[in-house]
Structures are given as C-alpha cells and as structure tokens.
Amino acid sequence: MLRQYSLPPLRITSIVYLQSSKNTGYILNLKTMSDKNELDWEEYEAITKYIYGAMGEKYGIKVIGYGRNCKVKGKSGATYQIDVLTEQSDGKKKHQTAIECKFIKKKVTNDTVIKLWGVMEDAGIENGIIVCKTGFTKNTLLYAAHKGIKLVELWEAQENDRDFKRTFEVGILDIRSNIMLERANITSIDFGSQVITGKEEVMAMCYAKLYDSYGREIPFSKYILIYSNELKDRGELLKAATINVPFTGKLFWRLRDKEIAIEKIAITGFVSRTDQSQTRSFVLTDQVWMIMKELFDKRNLTMSKSGLIWNLSQN
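For what it's worth, the working numbering labels the leading residue of the sequence shown as -10, then goes sequentially.
Please keep in mind that the hints were generated in silico from the structure rather than gathered at the bench. Just so you know, not all the hints are guaranteed correct.
[To be verified] Simulated pairs of lysine to any residue, SDA-like, Cα-Cα distance not exceeding 25 Å: (1) Lys228 - Trp278; (2) Lys198 - Lys247; (3) Lys91 - Arg288; (4) Lys104 - Gln147; (5) Lys139 - Thr68.
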C-alpha cells in the first residue's frame, strides 16, 4: 500500500462568477450625488432629473433637458429656463412636462404655481410638476389641484422620518470559485544508501539542504520541483511513478550525527486531483437616503445613494 504525503500544489485553476439576484425596484447607474453632509440646489435638480428619468424609462418618458441650459421659447417670444423637462410620445404627438425644483427652506406658495402655469401656457407644455423639500401652503395645494399641476415633496431622510437609516436587502451576491487542485504525493525518496519513507521525514525534505563538494547549499526543494513538474507533464493521475532526478557533481546530506553521500535522487509518488470548488453568498443591503411623496397621486418612494428607487406602502 502506498502512503500519501501531500506537497504544495502544482497548479490551481480558479474561475470566479459574480451574479446578483432578488432585484426589486429600479437599480440603475448613478454616481453618488454628494459626498458632503448637505445637498445644494444643483444636486437637488440632478436628483430630481434622475428620479423622473428612472421612473419614466419603462413608460417611454425621456428627460430631454435639465439645469440652467434647459430653455424653451414661448409663443410670445419669451424664453424660459426649465429645471427638468421630460417628453413622451403617444405615436401621434409628443407630450412635455415641465418640472420646477424649489430647494428652499420655506413652504412653496401660490407664486410658484402661477409662474409655472404661465410658462406652460406660453410654451405649450401640457403638464407641470413642482418638487420641493419643505412642503406647500394650503392655498398652494388648492390652486395647484385646480390647475392640474402635480406637487411632490422630496427631502433627505431625517431622524423623525419612519424610514430614517432604514436598510433593506437589494440582492444576493453569489461567488462561485471553481478550483481544481493537483498535488504531487511523494511516498519515498531514495538516496541510494538511504531511503526515506516516513511521512514526517518526507515532508521535512521540502526544507532540507544538500551541499556540494565546495560546501555550497542547494535546497532539496529544487529536485522536488523537478519531480513534480515531470509528473504534471505526464498527466497520469493516481499512477505511481519513480523518477531519477539528475544532478551534477557530488552532493552530501548532513545530519546531526553523520554525513550521507548522495548516490542518486529517486523520488516515487503519484499525482492526485481534488475538486475544491465552493460557493459563498453575501446579502447586499442599502440604506434610505431620499424620501419622495407625491401629494395628489398618494405615492411614497425612497431612494438610496446607490440609485435604487423603492416604493413604500401607505401604512
């Protein structure tokens, strides 16, 4: 019966697969809007543009402009700047929506509704939306509903919000590692005048040193590597093989009580192959960053800094 002593692997092949599952909501490409503690008005507009672009994508709604360079010309000849402008086609006609962002500390008043309505009338824009972070006055709610302009509150989650720092699962990351491990298993080392067969003695030879006639050290691992590579090239699994490893000059092995002259280096063993593949799963989580409340449509949404938009229940 052959005894098996495992040496360092000859070859490891590994393929790692990444896959995600359990996708709920919209997961889209979005660079972190702000690394600062607070938003500014430009980032607020960019977030608004991103949200409406993401939510409208599956309905054919496109953001055709936003920011200071987004301008439309009215029938009067006047030019107006629109914070976010979207467009949707029904096959016959294109319908536009003007979105006004109010990044202010006070509640939005009727003046904003009147201004937006005037722009819509002059520029022929059918729909209007006002987005703010601090809410609307009572008269603004009534007048906007009368004019058909939608009102939306969008703010960073605060401590008094139910969803403040709320985390949720957005997916599962499975990492599959395909690893096939080949090892040379040495059963004996024959120096001619001495044969090594014990497990511990064979393993110790990985760190042993031989000496030439000039007293120079030669790591025995050099000859083990030659043997291992030869076995690999043969490609014969579990088949015992003895290989005489060549060397030049005279070699000696120094022990505590004696010195042995190396007559030959004949190594016997076999190659084994084991499958060490494994799968590890990690739960991916995200945290609520922005909360969005559509006042007339009675819909609540949240968004994380990774760009995931999540529908919230009304409870």
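Between Lys91 and Arg288, does the CA-CA distance stay at or below 25 Å?
-> 20 Å, holds
Between Lys228 and Trp278, does the CA-CA distance stay at or below 25 Å?
-> 62 Å, violated
Satisfaction of hint between Gln147 and Lys104, Cα-Cα up to 25 Å = 30 Å, violated
Is the straight-line distance between the alpha-carbon of Lys198 and that of Lys247 25 Å or less?
-> Judged against 25 Å, a Cα distance of about 14 Å means the pair holds.
Hint consistency between Lys139 and Thr68 [alpha-carbon to alpha-carbon, up to 25 Å] = 23 Å, holds
Comparing the model with each numbered hint stated earlier shows that hints 1 and 4 do not hold.
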